[in-house]
Structures are given as C-alpha cells and as structure tokens.
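Chemist: With the first letter of the sequence shown counted as 1, position 1 gets the number 1 in UniProt numbering; the numbers rise by one all the way through.
In short, the hints are calculated from the structure, not lab data.
These figures come from a predicted structure and were not determined experimentally.
Where hints are given, some of them may not hold.
[Said to hold, decoys possible] Result set (DSBU-like, lysine-lysine): computed pairs, CA atoms no more than 35 Å apart in a straight line:
| id | residue 1 | residue 2 |
| --- | --- | --- |
| 1 | K15 | K36 |
| 2 | K29 | K15 |
| 3 | K29 | K10 |
| 4 | K29 | K16 |
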Amino acid sequence: MNRGESGAGKTENTKKVIAYFANVGASTKKKESEKKQVN
1 MNRGESGAGK
11 TENTKKVIAY
21 FANVGASTKK
31 KESEKKQVN
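Produce the entire structure from the sequences given, and follow the hints as far as they go.
Modeler: Shown next as structure tokens:
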C-alpha cells in the first residue's frame, strides 16, 4: 500500500490518513452519544 522512494512523503501521508480516521471515529462516537442523549 505505502510503497515509494525514500523521502516521497510516505510518512506525512500516513500521518494524514491516521488523523483522518481518528477524526471520523471521534465524530461517529460523538453522534452516537448525542443520539442517546436525545432518546
């Protein structure tokens, strides 16, 4: 998945992907807790 020349930005891209999934997971959990509070 993450192949390329040294210094091609693999680490930065990986950090962005991890941050994206962390944000998506956090927002999903937040929505679930908001739904529980409404009910």
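Chemist: Hints first: check each against the structure and report whether it holds.
Modeler: Against the structure, the hints:
1. K15 <-> K36: holds (32 Å)
2. K29 <-> K15: Between K29 and K15 the Cα gap is close to 21 Å, so the pair holds against 35 Å.
3. K29 <-> K10: The hint holds at about 29 Å.
4. K29 <-> K16: holds (20 Å)
Consistency note: the structure conflicts with none of the earlier hints.
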